[in-house]
Amino acid sequence: MISLKVIVLVKQVPDPREYVRIREDGTLDREKARAVINDCDKNALEAALQLKEKFNSKVIAVSMGPPKAEDALREALAMGVDEAILISDRRVRGSDTLATSYVLYKAIEKLGPYDLILCGLESSDGGTAQVGPELAEFLGIPQATFVEDFEVKGNYVIVKRRIEGGFEKLKITMPVLLTISKNANKPRPTTFSGILKAVKKPVVTWSLEDIGAEVDKVGLAGSPTKIMKVEKIGSQRKRILIEGNDVEEIVNNLLRSLQEHGIILEAAKQ
Amino acid sequence: MNGYSGVWVYVEHRNGVISNSTLEIMGKARELASKLGVEMATVLFGNDVSHLVSTLAEYGADRIYLADDEALKEYKTLPYTRLLTELIESNKPEIVLFTASSLGRDLAPRVAARLRTGLTANCIDLDVGCFEDNEKGKRLERILYQIVPAFGGNVVATIVTPYHRPQIATIRPGTFPVPTKAPGRGEVIHVKVNLRREDDKAEVLEVKRDLQESELENAKIVVGVGVGARGPDGVKMLKRLAEVLGGALGATRPVTDAGWLPQEYMIGESGKTVRPDLYIACGISGAMHHMVGVRNAKVIVAINKDPKAPIFEAADYIIVEDMFKIVPKLLEKLDRKG
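Protein chains in written order, with our numbering: chain A, 125 to 394; chain B, 387 to 724.
If you're looking for bench data, these hints aren't it; they were derived computationally from the structure.
Be a bit skeptical, because a hint or two may be false.
List time: in silico DSS-like cross-link candidates among lysine-lysine, alpha-carbon distance up to 25 Å [to be verified]:
#1 A/LYS341 to B/LYS719
#2 A/LYS293 to B/LYS459
#3 A/LYS353 to B/LYS421
#4 B/LYS606 to B/LYS719
#5 B/LYS594 to A/LYS306
#6 B/LYS421 to A/LYS350
#7 A/LYS295 to B/LYS594
#8 A/LYS295 to A/LYS176
#9 B/LYS691 to A/LYS362
#10 B/LYS421 to A/LYS341
#11 A/LYS350 to B/LYS478
#12 A/LYS350 to B/LYS522
#13 A/LYS350 to B/LYS524
#14 B/LYS478 to A/LYS341
#15 A/LYS176 to A/LYS324
#16 B/LYS421 to A/LYS362
#17 A/LYS293 to B/LYS594
#18 B/LYS459 to A/LYS356
#19 A/LYS356 to B/LYS694
This structure is a prediction, so every number in the text was calculated from the model and none was measured.
Input sequences plus hints: build the corresponding full structure.
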């Protein structure tokens, strides 16, 4: 029987399903935005839990974030992961992807040997898809990104990876880091009994000292990239409201407006 | 930063043809290199790719670093990372640009992390200029401005990598126009390929591509499907509209996530970028993920019954009405005219 240790990386993000308003100064009005587990991180969790059903596996969820990110890890516990670790430290605020990867690397080093690291393909708030590969580089292990499906065999994995206009299949030696796409599976919902069980499991919180991370490699100071400015570029679109007393008139007005713009809508010759 | 000079573009190619996105980035790289007064170079890895050198020169490469080796036949993360980082370390370019593709987004972060430098993903524009570091009281010249969309379509952030070199960025396909060719002679520099056993961790078993170039990316008219289409019937109606107009159908991420349309139809940050003359957004709220993919459309028409939908901020013509009323009427008129 294969025995696996699987680490899943989880990020808490503002709910992408809610409209997030932007203030005049370009900052985000997050007050109303609910915090949720990043979408494809749930697919990574689901993939890990499916391995648990198949093999003798231990699944550990790891997150870096503010204290309230504990909610995301509670949800991961309710889905069925065995342990949850939150790296929460004021000094990591403002970390870019390289600094974030460094912190996660130090935490994973502390956890000892592992077989698989799974993370979501990208976050819905940042969307860089960089933390996975950068972390794999810090750890010195191979990676596969954009993973739609994978299978664990002996000491390697067979991975189906999405590429432009198709896919490729790879055979990669473990330990390996995979970034999991939304198409990989359908994440299980949390059940009431899962939530009850999760209440008894602790979320362990680690500081930078706990993981032995160097302070000058994290946060704003440890981030090679800086945000120079954020601008609200006024929409360059015309924003002309097309009105009418009825649908007929609205459509006629649209066609006329487009025509004034040099666009004639007509049925294409088949 | 001392000793670092030149703008590099990593070349992507498929079936012996350089990808359009690489040519697009080369056009911009040429412009940045001229502003900085430095060379523009390209990095070409692969097997049997030497014949592409002349094309790279015609598109403005002063120098072509060529590694043509059977071992590089397929892209593999670790050997490619080793080769490229060593090349960067010995030649010290100040800027390295990649396509934000499945290859570029796999390779660039690995290279950036190995070099412990910054990386900015999915840029929609680039420029060079000075950066005032108020905190340190310093003024830095020759800084790459990496412009990315932030929280919703109408906000952009300028990201800089002031104290690390090279400055690395990935650029979305379709962001810049393909430059015009001109006779040019680039200097070819042959790169020695020494693969290491420790990098031999992956084997490519199969590569499958639907070779057809997407009609979506080249369409003059695109009809966009949002969750307002409510399901397969709504999708069918919009498909009909796209067909009648001789255009292509695209969709938002929630629509492809729900399986109403295959993923190839997804327009947006993790999908395709389109640049049609006309984009008709139907039942689309206007999430940033999607709007990033349509910002190059010449004209945007938005039909949504929710007057507060953010898409109205980013549309030219706005119809606040149920698409199930507007689209059938539009089809009726088109059928009558046609």
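To see whether the hints hold, each was checked on the structure:
1. A/LYS341 to B/LYS719: 63 Å, violated
2. A/LYS293 to B/LYS459: 15 Å, holds
3. A/LYS353 to B/LYS421: Given pair A/LYS353, B/LYS421 holds - Cα atoms ~22 Å apart, limit 25 Å.
4. B/LYS606 to B/LYS719: Between B/LYS606 and B/LYS719 the Cα gap is close to 20 Å, so the pair holds against 25 Å.
5. B/LYS594 to A/LYS306: 20 Å, holds
6. B/LYS421 to A/LYS350: Holds: B/LYS421 and A/LYS350 sit about 22 Å apart, inside 25 Å.
7. A/LYS295 to B/LYS594: Holds. A/LYS295 to B/LYS594 sits at ~15 Å (cutoff 25 Å).
8. A/LYS295 to A/LYS176: Given pair A/LYS295, A/LYS176 holds - Cα atoms ~21 Å apart, limit 25 Å.
9. B/LYS691 to A/LYS362: 19 Å, holds
10. B/LYS421 to A/LYS341: The hint is violated at about 33 Å.
11. A/LYS350 to B/LYS478: Cα-Cα ~21 Å, so holds.
12. A/LYS350 to B/LYS522: Satisfied, since the Cα-Cα distance of roughly 13 Å is no more than 25 Å.
13. A/LYS350 to B/LYS524: 14 Å, holds
14. B/LYS478 to A/LYS341: 23 Å, holds
15. A/LYS176 to A/LYS324: 20 Å, holds
16. B/LYS421 to A/LYS362: Violated: B/LYS421 and A/LYS362 sit about 33 Å apart, past 25 Å.
17. A/LYS293 to B/LYS594: Between A/LYS293 and B/LYS594 the Cα gap is close to 9 Å, so the pair holds against 25 Å.
18. B/LYS459 to A/LYS356: Answer violated: B/LYS459 to A/LYS356 is near 45 Å, above 25 Å.
19. A/LYS356 to B/LYS694: Judged against 25 Å, a Cα distance of about 18 Å means the pair holds.
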